[in-house]
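S.K.: Sequence:
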Amino acid sequence: MLKPVNRFKKEGDNWVWNFENLEPTLADDIEVEAIPKVASFGSEDKVCTQKGEKWLMIHTNYEVKASSTLASENGKSYQAENIKNMWVGASWSEGVPGPGISEWLELKPVAPKSLAAIEILPGYWESEELFKANARPKKVLIELNEEHRITVHFPDVMAAKEVPILDYKKPVKKIRLTFQEVWPGARFEDLCVSSVRLQVKLDKEPKITPAR
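All residue numbers for the sequence shown refer to this note's numbering, where the first residue is 2 and numbers rise by one.
It should be emphasised that the hints constitute simulated quantities derived from the structure, not laboratory data. One should not assume that every hint holds.
Pairs of lysine to any residue residues, derived as SDA-like cross-links and limited to a Cα-Cα distance of at most 25 Å, are as follows [to be verified]:
| id | residue 1 | residue 2 |
| --- | --- | --- |
| 1 | Lys139 | Ala118 |
| 2 | Lys175 | Pro185 |
| 3 | Lys133 | Ala72 |
| 4 | Lys174 | Val164 |
| 5 | Lys139 | Lys175 |
| 6 | Lys55 | Lys171 |
| 7 | Lys170 | Ala187 |
| 8 | Lys162 | Gly96 |
| 9 | Lys133 | His154 |
| 10 | Lys205 | Cys49 |
| 11 | Lys140 | Leu167 |
| 12 | Lys11 | Leu142 |
| 13 | Lys175 | Gln80 |
| 14 | Lys66 | Val89 |
| 15 | Lys114 | Glu82 |
| 16 | Lys11 | Tyr169 |
Owing to the predicted nature of the structure, the values given are computational and were not obtained by experimental measurement.
Between the sequences and the hints, there should be enough to build the whole structure, so can you do that?
M.R.: Given below as C-alpha cells:
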C-alpha cells in the first residue's frame, strides 16, 4: 500500500482503515503496488511461481495419512490422498461420530526441505453449497517435526489459507494438522479439507524444458 501512508493497520489477517471523517478528499485516493504471482509451469503435484525476484515451488509431493476417513458413498471417496490434488475436485473427510474435533492429518514430504508456507483449502470445495453443508476447520494446530507448533484460525469463508513459516528453517520431515475447533456444517457433521499444499523457496529460477 503506497497511499494513503500509515492509514491501514493490520489486525490478524485483515487490513483495517478506521474512518474519522466520511467526506472524501484527494488525500484519500488509494494507490496500491501489486506484484502478481506468475505461473511458469506445473504438473499434477507441483507448480512453480514467481513473486518479484523470488521463486517458489508449490507442491503436494508427500505421503499422507489421517486419523480416520469417511467411508465412500455413491461412488465418491473421501480418502486422505484427496488433499494432494492441486486442482480441487474432491476432499478428505474424517469418519468418526461428531464434528471431527481432535482428528488429524499427517504429511511426510518425499524430499524434506525448509518450508516457506503451508496453504490449506478448508472445507469441501466442490461448490459453495457443499462448503456450507459440511463442517470445516476453525482452529488448527500445525506441528512441524514434532517440535515446532503454530496455531491457525480460519474465517468461515471458502478461501485458501496461507500459513507462513517464519521462524523455523529445518528441513520438515513430518507435518501434523490437528483440528481443535470447527465451523459446523448446515447439513452434515463431517469435517472436510480439500487441499494442503507446501511452499518451498527456490534458490534460482527453475529450468523449463519445453515439451511437444
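S.K.: Now look at each hint and say whether the structure bears it out.
M.R.: Results for each hint:
| no. | hint | verdict |
| --- | --- | --- |
| 1 | Lys139 with Ala118 | holds, 19 Å |
| 2 | Lys175 with Pro185 | violated, 28 Å |
| 3 | Lys133 with Ala72 | holds, 20 Å |
| 4 | Lys174 with Val164 | holds, 17 Å |
| 5 | Lys139 with Lys175 | holds, 22 Å |
| 6 | Lys55 with Lys171 | holds, 20 Å |
| 7 | Lys170 with Ala187 | violated, 40 Å |
| 8 | Lys162 with Gly96 | holds, 23 Å |
| 9 | Lys133 with His154 | holds, 17 Å |
| 10 | Lys205 with Cys49 | holds, 11 Å |
| 11 | Lys140 with Leu167 | holds, 19 Å |
| 12 | Lys11 with Leu142 | holds, 22 Å |
| 13 | Lys175 with Gln80 | holds, 19 Å |
| 14 | Lys66 with Val89 | holds, 19 Å |
| 15 | Lys114 with Glu82 | holds, 21 Å |
| 16 | Lys11 with Tyr169 | holds, 23 Å |
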